[in-house]
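Visitor: Here is how the chains run, residue by residue.
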Amino acid sequence: MTTTLSTPRAAGAPPAATTRVRQGIGERLAPYAYIAPFFLIFAVFGLVPLLFTFYVALFDWNPIGEHIFIGLDNFTRLLDDARFWNAAWNTISIWLLSTVPQLLLALGLAHLLNHARLRFAVFFRMSMLVPYITSVAATAIVFAQMFDRDYGLLNWLLGLVGVEPIDFKQSVWGSHLLIAVMVTWRWFGYTTLLYLASLQAIPRSLYEAAAVDGAGGWKQFRHISIPSLRPVIVFTIVTSTIGGLQIFTEPLLISRVAAQTCGAVRQCQTLTLFLYEQGFGQFQFGYGAAIGVALFVLIIAFAALNYVLSTRVRPER
Amino acid sequence: MKFRIATSALLATALALSAAACGGGGGTAAQPSGDGKSFEFWSFTGINQKESVDKYQKQNPGVQVKLTEVGGSTETAQALTTALAGGKVPDLVLIQGDDLPKFVQQPQNFHDLRQFGADKIKGDYLDWVISQSTTKGGEIIGIPTDVGGMAVAYRTDLFKEAGLPTDREEVGKLWPTWDAFIETGKKYTAATGKAFVDNAATSVFYQAVNQGPMKYYDPSGNVVYSTSPQVKTAFDLAIKTVQAGITAKQSSFSDGWSAGMGKGQYAVISAPAWLLSQMERNAPDTKGKWDIAAIPGGAGNWGGSYLAIPKRAKNPKAAWDYITKTQSPQAQLQHFVDTGSTMPTTPSVYKDPKLTGLKNEFFSGAPTGVIYTNSLTGLKPFLVGPDSAVIGQEFLNAITNVEQGKGDAAKAWDAALANIKTAIGK
Chain A
31 MTTTLSTPRA AGAPPAATTR VRQGIGERLA PYAYIAPFFL IFAVFGLVPL
81 LFTFYVALFD WNPIGEHIFI GLDNFTRLLD DARFWNAAWN TISIWLLSTV
131 PQLLLALGLA HLLNHARLRF AVFFRMSMLV PYITSVAATA IVFAQMFDRD
181 YGLLNWLLGL VGVEPIDFKQ SVWGSHLLIA VMVTWRWFGY TTLLYLASLQ
231 AIPRSLYEAA AVDGAGGWKQ FRHISIPSLR PVIVFTIVTS TIGGLQIFTE
281 PLLISRVAAQ TCGAVRQCQT LTLFLYEQGF GQFQFGYGAA IGVALFVLII
331 AFAALNYVLS TRVRPER
Chain B
234 MKFRIATSAL LATALALSAA ACGGGGGTAA QPSGDGKSFE FWSFTGINQK
284 ESVDKYQKQN PGVQVKLTEV GGSTETAQAL TTALAGGKVP DLVLIQGDDL
334 PKFVQQPQNF HDLRQFGADK IKGDYLDWVI SQSTTKGGEI IGIPTDVGGM
384 AVAYRTDLFK EAGLPTDREE VGKLWPTWDA FIETGKKYTA ATGKAFVDNA
434 ATSVFYQAVN QGPMKYYDPS GNVVYSTSPQ VKTAFDLAIK TVQAGITAKQ
484 SSFSDGWSAG MGKGQYAVIS APAWLLSQME RNAPDTKGKW DIAAIPGGAG
534 NWGGSYLAIP KRAKNPKAAW DYITKTQSPQ AQLQHFVDTG STMPTTPSVY
584 KDPKLTGLKN EFFSGAPTGV IYTNSLTGLK PFLVGPDSAV IGQEFLNAIT
634 NVEQGKGDAA KAWDAALANI KTAIGK
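Sequences listed follow chains A and B, in order.
Residue numbers for the first sequence follow my numbering, so the first one is 31 and each next one is one higher.
Residue numbers for the second sequence follow my numbering, so the first one is 234 and each next one is one higher.
Nothing false has been slipped in among the hints.
Computed footprint of chain B on chain A; a stretch qualifies when at least three of its residues, placed anywhere within it, have a C-beta under 8 Å from a C-beta of chain B:
1. 174-187
2. 196-210
3. 307-320
Each computed DMTMM-like pair below joins lysine to aspartate or glutamate, with the alpha-carbon atoms no more than 25 Å apart:
4. Lys613(B) / Asp412(B)
5. Lys427(B) / Asp197(A)
6. Lys335(B) / Asp90(A)
7. Lys659(B) / Glu96(A)
8. Lys496(B) / Asp197(A)
9. Lys321(B) / Asp90(A)
Quick caveat, the hints were computed from the structure, so don't treat them as lab data.
Since we're looking at a predicted model, the values are computed, not measured.
All C-beta atoms in this analysis are idealised placements derived from N, C-alpha and C, irrespective of residue type, glycine included.
Using the sequences provided together with the hints, build the complete structure.
Guide: Laid out in structure tokens, this is it:
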């Protein structure tokens, strides 16, 4: 930044000394002024609430009553709270179940859509985005009904081949699967298009050369497409990690009964839902804030892990 | 939560009705409406509150009611909490009974309604109902709009198929106790191969636990959920119901429960008064196939709501006017007559011919006024505490878990106690 700014000054006619100093300050400050709106808004709506959350987490905070300072008691309670660990495992389980198949599916679809001889390519590519632009609530309600025990489409189909109805929402794996399917459904198109954009940036000549050398479709995919896609794969893993750790709407909406716990035994209660239940269901703002801090730490940890992975990937290219 | 949604619907309906009936209210003198004639009112969705508010405005020209249907009863209580914590508060708000203790514990957020004359009318309401909105210091922060009472709704056509009596008196005699209720269920299921009752958690546990003098708190406010015999008995009854294999495993207020109601998936459902209008909406095609009998154990109450005025309300007097005009004994009675679903909280009208003569056509002409009044007269009130809702939910969850085939019946009680201890810390 400094170099680009100083270059025109050096090239232009030198102004009077005082003006130059003044301009120098102005010019040096200008870029900060340009980016200031974002940071100001971020400070007001991001940083302040974040810091305030850390503060509230140190209190027994009744929103309409007393605020009693209790130090780190909320955190020690949290570490002993089986509901917290349950929510943490649920979150990670749902995240894995939704991310891994989603990225693989997107990879395969992007490869197909990238095929040179594909007809109606634009139509197929655009239709990928339809689930993405559908409201989450609508998706959640429709899928919850499809997986319903008594009147669900899926169990009706299973019934045709003589399988007893499965109560997806009541079981741990069933409810995780249901949520993972919703998340996958919503995001696979978006991820596919990201991969597709990257694939189209790979020169055709590479594939042609590989074909001349006798490499088949799979070998081309494995040795040309995948290595070229690495940066975007890392990017999608990072974003889906951050998103996956904050899954909220889907578990909240699949069950109208005991919605805040996602069922009778918290079988699919995620961390954000646990936060919501404690903070806004039970009005324990302090404890809710402590959960928020724990989630923050968890996301930072995962992001750091992703960063390490991505920096290790880069040199290989 | 399910109860809250349903109850809120009931309450809202009750409010609407009472508002409609305001002209008939004569129990108390209306206070002068003071500065503002308009006020803001937060209520629940799905209870057609707008209609009652419109009627109130028609009958009280010049009064402007700005009604906001915030959401279900839970959402409304959440929004109220947020508003009290530092936002714009309404002048009048409807609070469902389960949500009430948290607000009663923090009375500084509300107007003590005694300043408007609530102490003069508090004798109009059932002692144990208004005591729930009265603080230890005697401040009254809410006026009750309705109570649920208790009864059992059953399908006469399905009972006939199963060879059971269909007359409501005889049906009531089938189950003087919950054990007899379970035995009846076994007979029904043996004869028809179908489920008898919708679920064990709500239709058995939540009723039985409300029938007795000491629930989750003792009279001095100590938590006794783990030692109160009433709680353990109710819990064991629910588990017994599950093990008898007579439940449809449909959690109350779930989609499957609503659908099953119209399809005859179960023949019996525990129905407080506020559930009646909801059943009518859920299963309109079953009109005339239902009837109502007495609850096992005879008496009890489930549900009810309150109207409160937040401290920072701009027009508390206009709100109070609305309360006195829509919640007087005569107004509550008229509201019940109109809705058929909002049992008055004012015992002075319990002998009124308008109430005793009330029949509900959807339920084969059952005398709902008499049935629900009877369920309230033998009632033994218990203390409701700040964590009652959480404790009740954990017990329900433990039973539901066994019912859905995931939990171990023998360990369910201990699991519920452990979960409650985690949740409330005592």
